[in-house]
Amino acid sequence: MDAANPMTAAPPLAQRSRVRPSRRTADRVLRTACLLATLLGAVVLGSILLMLIVEGLRGLSPALFTHPTPGPGSEGGGIANAILGSLVLTTIGIVVATPIGVMAGTFLAEYGRTSKLADVIRFLNDILLSAPSILIGLFVYTLMVRPMGTYSGWAGGVALAIIATPVIVRTTEDMLRLVPGTLREAGAALGAPASIVIRSVTWRAASAGIVTGVILALARIAGETAPLLFTALNNNSWFNANLMGGIANLPVMIYQFALSPYPNWQQLAWAGALLITVTILALSVIARVVIKPQRAR
Amino acid sequence: MTALTDQIALTASQPATRRGPSKGGDAVFRAAAYGSALLVLFVLAGILGSIIYGGWPAFREFGFGFLTSSAWNIGTEQYGALVAVTGTLASALLALLIGVPISLGIAVYLTQLCPGWARKPVGMTIELLASVPSIIYGMWGLFIFAPLFARFVQVPVSNLVEGMPVVGTLLYARVPSGVGVLTAGIILAIMIVPFVASIARDMLDQIPTVLRESAYGIGCTTWEVVRHVLVPQASVSIIGAIMLGLGRALGETMAVTFVIGNANRLSASVFDPGSTIASRIANEFNEADGMQLNALMALGCILFVITFIVLIIARLLTRRVKAA
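First to last, the sequence lines map onto chains Y and C. Under my numbering, the first sequence has 127 at position 127, and the numbering climbs by one with no breaks. Under my numbering, the second sequence has 292 at position 292, and the numbering climbs by one with no breaks.
Pulled out of the complex, with its shape left as it was, chain Y reads as follows (with noise of 0.2 Å):
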């Protein structure tokens, strides 16, 4: 890719005067409509950063991090709650996807290949990768809080496996698929039977790339907001290591807060907002870190 580099950059038209002028505007005005698209892009991009840390650091304190939530009307507080809520939960969503995401990664490019069901498995996990996640958290509304009776940090964190898995999955086949078979086969030809030479072969020579897969998806649910609203709601109490009940966290403290009517729930959602970001952001940048040898390789 990189080596088409220097031909990729088209070439200034040499002889402008043997060009016709109307060929010469049109390009013109192609060239500067694709640079304002892309200057545009950044633009946004700059003024979010911009806005989250104006807005932000203004409510960055030490209480931030020892207080929890305020109730209505009452001054000062934190998001202490939030932020653990908020761990505990993408904790839960990435050790249950993890492991289901990579095996059944695994199935998708050792044993299941260009089987039928292989093929239809992969068709579904790639519409359930851009499913919207409000309907997977009806889904989990309807499997978990209604029998349960109470919205609670268990169904939230299904909530969020569910969305992680389908990134795992697509990531790990792909990642194992770059694996040339004769790794495969050199494992075989020792007598290792398959389960040991995926164990100890395709995956040790993937491995960059399937934890790069589980990156991605702890950066994709760690901003999820709308399946949290029907399953893990929310809690204004300091955490107290019930995940049988509804437990604060940092995108429907968010939510709740930015669109409250106190100044001091709204300063505490603009805090929340750009630690959420910076983590996601940060996350984003070390999975693209991780990928780099494993594509150079």
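Hints listed in this document are in silico derivations from the structure and should not be mistaken for laboratory results. C-beta: ideal position from N, C-alpha, C; glycine also. Be aware that one or more of the hints could be misleading.
To be clear about the criterion: a stretch of chain C counts as covered by chain Y if any three or more of its residues have a C-beta under 8 Å from a C-beta of chain Y, and this derived list gives those stretches [as the list claims (entries may be wrong)]:
no., region
1, 48-58
2, 123-134
3, 191-202
4, 212-223
Quick list of simulated restraints, FRET-style, between CB atoms [claimed, not checked]:
no., chain 1, residue 1, chain 2, residue 2, range
5, C, L41, Y, L35, 41 to 47 Å
6, C, S70, Y, K116, 40 to 46 Å
7, C, G290, Y, V289, 49 to 55 Å
If you only want the chain Y side, here are some residues facing chain C, beta carbon under 8 Å, derived [what the hints assert, rightly or not]:
no., residue
8, V19
9, V44
10, I136
Once you have looked at the hints, place chain C on chain Y.
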């Protein structure tokens, strides 16, 4: 590696008792992989099943009229999907209208015009935009974009078109607050741009360089190369990418909930507040019970059907190219 060498050592030292690696472990591993893959299937079926189960009472109560009624009255328990469905389709189509040209522009810039050193950082910036959570876009839309939009677009445009036929109703803001269907469309456009742009870029990158070079060789300008060589080559997969963006725009929840205004009113003006299926579910679900809950689930059903048709088409289009 250690596992392998251990086994080799094992088999070498005990040639007589060698029974081979346990077949049991192998079968368990295989079963686990198989089971995990099937789980994906069950989850999707579960989503469909649970939403149909939840929405069924509403469909039975209101029948086909659920789709064509614009009522949403909690007091009289009359519910219809028309406003939410219209809002969903309108905001998503506006998003495509605004977002697709920008996405393609970015893709063309990144693959054709951008100097080599800037490709990585610019590409990464665009990709990072895709990972910003939707609630942040919602806050940006409501607190930064909407006031500017109201002041510099809604008010002047409303004043300009007031009284004109057609345009006067389409582009007139009764309350220029900055929130509304068009604002939602713009925010959605910003959200799908990085997504569509990066897929389109990958597709354009896959076109053999020879094609491009021969077009330049006969004296084509960049515009002509893009228009007559690159776009026709990648058209199917670009349409697939656009459909993926559409799927995302249709189901997007939090950002839209912030900026669409959440009104249950059918309005001809794109400046007026409305609601989408997802925003209505997000807004009302926690306080709903009884028939309202069923009606919301039924809305979820409709969203499921719409997005899944779009996503299936999208995946089929992007897949066909991969196979070819």
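Results for each hint:
1. With 4 residues bearing a CB less than 8 Å from a CB of chain Y, the region 48-58 of chain C meets the requirement of three and the coverage assertion stands.
2. With 10 residues carrying a beta carbon less than 8 Å from a beta carbon of chain Y, the region 123-134 of chain C meets the three-residue requirement, and the given coverage holds.
3. Taking a C-beta to C-beta cut-off of 8 Å, the region 191-202 of chain C contributes 3 residues in contact with chain Y, enough for the three needed, and the coverage statement holds.
4. With 7 residues having a Cβ less than 8 Å from any Cβ of chain Y, the region 212-223 of chain C passes the three-residue criterion, so the hint holds.
5. The beta-carbon spacing between L41 (chain C) and L35 (chain Y), approximately 45 Å, falls within the hinted interval of 41 to 47 Å.
6. Taking the beta carbon of each, S70 (chain C) and K116 (chain Y) are about 44 Å apart, inside 40 to 46 Å as hinted.
7. Taken as a hint, the range 49 to 55 Å holds for the pair G290 (chain C) and V289 (chain Y), whose Cβ atoms sit roughly 51 Å apart.
8. The restraint placing V19 (chain Y) at the interface with chain C holds, with a minimum CB-CB distance near 7 Å, inside the 8 Å limit.
9. A least Cβ separation of about 6 Å between V44 (chain Y) and chain C falls short of the 8 Å threshold, and the interface hint therefore holds.
10. For I136 (chain Y), the suggested interface contact is upheld, since its CB lies about 7 Å from the closest CB of chain C, less than 8 Å.
Violated hints for the displayed structure: none, as all numbered hints are satisfied.
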